[in-house]
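Engineer: The hints should help you fit chain H onto chain G, whose structure is shown.
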Amino acid sequence: MMALAVLVLVRTRNLFAVIVLSGIYSFLMATLLVALDAVDVAMTEAAVGAGVSTVLLLGALHLCKSEEAKPVHRPWLPLSLSLATAGLLIYGALGLPDFADPAAPIHRHVAPRYLQNEVDVPNVVTAVLASFRGYDTLGETTVVFTAGAGIIALLRRRRHPRNEDGDHGK
Amino acid sequence: MESSLVLRVVAKLLIPFILLFALYVQFHGDFGPGGGFQAGTIFAAGIVFYALVFGLDNARRIVPDRLVEAMLALGVLIYAGVGVAGLLLGGNYLDYFVLAADPVHGQHRGIFWVEAGVAVTVSGVMLKIFYMFAGRGRHDGDAA
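The listed protein sequences correspond, in order, to chains G and H.
According to this note's numbering, the first sequence is numbered sequentially starting from 14.
According to this note's numbering, the second sequence is numbered sequentially starting from 131.
Extracted from the complex, chain G is given alone in its bound form:
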């Protein structure tokens, strides 16, 4: 299902259809994540991937043409590069422990201590994110903040016409 969505996504030249398809892809991804019991991530995927980013892409589409230009170059070099990367990743994934294997190293290292739950929060994901890995989450929040500040710096219209004249050079 998702592979089909991606294939159509690649073939389509109408950007509006591409945006709608990527929204569908995000919803499929969210259902997949629910099936994997990662409800927190699924929620984020549905809200960000299918909701907000679809709207943002539509807003961006409003600014440009709605048909994708024909590619100028032959796709063989990028295609072979991505196929090689995919092959490498699949080869690496074959070396991983089995899915949900309780003896895997990731379940042996710090996970037991997390699950002892000394902070007494029933949702372990929240406990790990906010308490055990508080520094990481602080960093992530700062990244989000920086992204917002960057967007403001890039897209805000200048309020001082004098500066604009100076930039353009009379």
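In short, the hints are calculated from the structure, not lab data.
The beta carbon of each residue, even a glycine, is placed where N, CA and C say it ideally should be.
There could be a bad hint or two in this list.
[To be verified] 20 Å max Cα-Cα, derived SDA-like pairs, lysine to any residue:
no., chain 1, residue 1, chain 2, residue 2
1, G, K78, H, G265
2, H, K142, H, V193
3, G, K78, H, R266
4, G, K78, H, F263
5, G, K83, G, V21
6, G, K83, G, L20
7, G, K78, G, T25
8, H, K142, H, G185
9, G, K78, G, N27
[Stated by the list, open to error] Far from chain H by the CB rule (all over 12 Å, computed), these chain G residues:
no., residue
10, M15
11, L17
12, T25
13, A59
14, A60
15, F112
16, A116
Structural biologist: Just chain H, lined up with the frame of chain G:
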């Protein structure tokens, strides 16, 4: 912006529940799935929905740009402030155990404020990006 009657009525019905669900996800994050990031995006999505149906200007009147920009920084400050509060109360940075007399209660308090900070920043950034894109398209369209 002209919208159909059905859309307006449905939006009016749905938006309170979207915002309520965001708050539920925020405050119930300790017990069920959810947390600051999810709640922030759902909240922002609710406002974006409002802006889509009732027009950008109306949304800007309810959630003004100034407030959104303040939220951007405020969230990070809340998060970092929890860390500083831990320092002042004699613990390490982002050490929640010292935030209340009972260590477990301190953890809960720390997680609550940290999640609040994340939610505020995330929804602020989402809304700001949306305002930027949407506003830019319209003004350029007018100029052209």
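Engineer: Taking the hints in turn, state whether each one holds.
Structural biologist: Here is how each hint holds up against the structure:
Of the pairs offered as hints, the one joining K78 of chain G and G265 of chain H holds, with about 18 Å between alpha carbons and a cut-off of 20 Å not exceeded. Of the supplied pair hints, the one linking K142 of chain H and V193 of chain H holds, its CA atoms being roughly 16 Å apart against a limit of 20 Å. For the proposed pair K78 of chain G and R266 of chain H, the alpha carbon gap of about 16 Å is at most 20 Å, so the pair holds. Simply put, K78 of chain G and F263 of chain H have alpha-carbon atoms about 16 Å apart, close enough for the 20 Å limit, and the pair holds.
Proximity of K83 of chain G to V21 of chain G is assessed by CA-CA distance (about 16 Å); at most 20 Å being required, the pair is judged to hold. The hinted pair formed by K83 of chain G and L20 of chain G meets the criterion: a straight-line CA distance of about 17 Å does not exceed 20 Å. A hinted pair counts as satisfied when its Cα atoms are at most 20 Å apart, and K78 of chain G with T25 of chain G qualifies at roughly 15 Å. Proposed proximity of K142 of chain H and G185 of chain H is supported: the alpha carbons are some 13 Å apart, at most 20 Å.
Proposed proximity of K78 of chain G and N27 of chain G is supported: the alpha carbons are some 10 Å apart, at most 20 Å. Every CB of chain H is more than 12 Å from the CB of M15 of chain G (nearest about 22 Å), matching its label as outside the interface. Every Cβ of chain H is farther than 12 Å from the Cβ of L17 of chain G; the closest lies at roughly 27 Å, confirming the non-interface assignment. Under the 12 Å C-beta cut-off, the non-interface status given to T25 of chain G relative to chain H holds; the minimum distance is some 22 Å.
Not every CB of chain H is more than 12 Å from the CB of A59 of chain G (nearest about 9 Å), against its label as outside the interface. At roughly 4 Å from the closest C-beta of chain H, the C-beta of A60 of chain G falls inside 12 Å, breaking its exclusion from the interface. The non-interface label for F112 of chain G is consistent with chain H: the shortest C-beta to C-beta separation is roughly 21 Å, beyond 12 Å. In this structure A116 of chain G is separated from chain H by more than 12 Å, as the shortest Cβ-Cβ distance comes to about 27 Å.
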